[in-house]
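So you can see what is in the structure, the chains are spelled out below.
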Amino acid sequence: MAKRIDVSDLNVYYGSFKAVEGVSMTVEPRSVTAFIGPSGCGKSTFLRTLNRMHEVIPGGRVEGKVLLDDQDLYAPSMDPVTVRRTVGMVFQRPNPFPTMSIYDNVAAGLRLNGVKNKKTLDGIVESSLKGANLWNEVKDRLAKPGAGLSGGQQQRLCIARAIAVQPQVLLMDEPCSALDPISTLAIEDLINELKSEFTIVIVTHNMQQAARVSDRTAFFNLKATGEPGRLIEVDDTTRIFNNPTQKATEDYISGRFG
Amino acid sequence: MSTTTTESTVPDDVIGPQGDTPPGGRPGREALSEMSHPHRARAVKDVVARVVMWAAFLLAMVPLVWILGTVVVKGVHMLGTSTWWTGNQRNINSDDVGGGARHAIEGTLAMVGFTALIAVPIGILAAVYLVEYGRGRLAKTISFTVDILSGVPSIVAALFIYAVWVTSFGLRQSGVAASLALVLLMIPVVVRSTEEMLKLVPNELREAAYALGVPKWVTVVKVVLRTAFSGIVTGVLLGVARVMGETAPLLILAPYTKGFQRDLFNGNFPTLPMMINQDRGDLALAAAAERMWGAALTLILLVLLLNVIGRVIAHYGSIKK
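Each protein sequence line maps, in turn, to chains A and B. So the first sequence is numbered by this note's numbering: it starts at 15 and just counts up by one. So the second sequence is numbered by this note's numbering: it starts at 278 and just counts up by one.
In case anyone wonders, no lab produced these hints; they're calculated from the structure. Every residue gets a Cβ at the ideal spot worked out from N, C-alpha and C, and that includes glycine. Keep in mind that the hints are not guaranteed to be accurate.
[Said to hold, decoys possible] Going by beta-carbon spacing under 8 angstroms, a handful of chain A positions derived as facing chain B:
1) Gly102
2) Arg107
3) Thr113
4) Arg175
5) Val179
Using the sequences and the accompanying hints, generate a full structural model.
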């Protein structure tokens, strides 16, 4: 199920503005990789290039290579829609479809792509909700609107929706920043469970969270506003937090800067 | 209990030292009573503002209630006559009592229905293009054109269709010709209201769908349009209400007939606004005046009925919490 991501010499542009420059890194399968760094350093932008979501924004384009195992995500023959079926995404603010019930939200990815068989859907909805640790809380009200859940539940619903299409990789863009500490803990536990099945990449502003959930950590920084963001270093999380090779990383995680 | 009763009989200013200077340096009771002037000024302003707002509201209601009241009072008994909902006006002279408005009701519904059939898809698709796909020059041109179109007076739209339909193509005046003029008037209303509703759909929902590997057109149809559904229905109804009572295009393109005419493509065509106009000409005759008020009330009821239907549809399609 899980795949490795290899990025080499990636530049990201919005129109003529270079947002991210020269990123090369490897994301290991069945592990959690955290992106940390100050605001505006391009970590979310870079994350979005891993499933070509940056193309949704007018003018977004990349130079360089992203390989998913051996598949080039930016090969001319590659359809962004196919990429996004393989690489799922969870957003900062929980965004369940407001017109759909809990069940329909989880089934949305499959239904909108043409799966109609009720039995298949039932099975996947149940396993996805169980996978997102939400099943026990919602199993009696699957027909109720998804927007009626609490923020933390909505975010887990969004995770269930993302894993229902059975992606290889799960990208999370600050999934806990709109949640309270209890809900955050629930999501972090969930990330720990999900990493046995998926390759997970998480962007976070919370360094304790990066330290808690991730196996590897990548630190991004930018020289000044208006300059492109760069990858400063990527290493095992314990190494980054205890013994980073770069001065900038040490300054950032010890709070002397940023 | 005894303490409470004694306290309530004691005047405020002899309660004690705490009463005069509460902690935190806030003014005591005496100071407050000295400051009562600005407080009173605020209360007066409040009352004045309330009175002005209520007066404005009532003033705005006067013509509305007056019109509705007059139309209902003068028209309601026509709606109760035995033939109003079944008959037509053929062979009924202006001073004859009787006949019905069914021909005009059917005509209005058919004409507006045909108009909506053309204008709604064009309007919604144009709005989808403008919000979801349109970039650059073409989108700007369309948007500008819609702005101009929404400012075109109905009689100009009617004359344009007359010039094309009758003068250039040599076709007859008919229900369908009037419908085409109404289409021109309805499209900008539908485009603008649909556009506003689509803009209200949060971008996060589109991104959520894209991130699930859903193609853009499916996202637009199943997520964006679905989320904006009740708003779009309201917009379409606004458009329908706009054209239902429109009279200028009918005067020019669809001359009235007193009998049933179920063919939109064939000559004179009965509609409620034109029935009102017809009987207005014979207002001195009591029978005609009654028919005019009856037709006016019927037209108002039709618009109301469509609004209610639209609200029911919108309610069942709306976002549930």
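Identify every previously stated hint that the structure contradicts and give their numbers, smallest first. none
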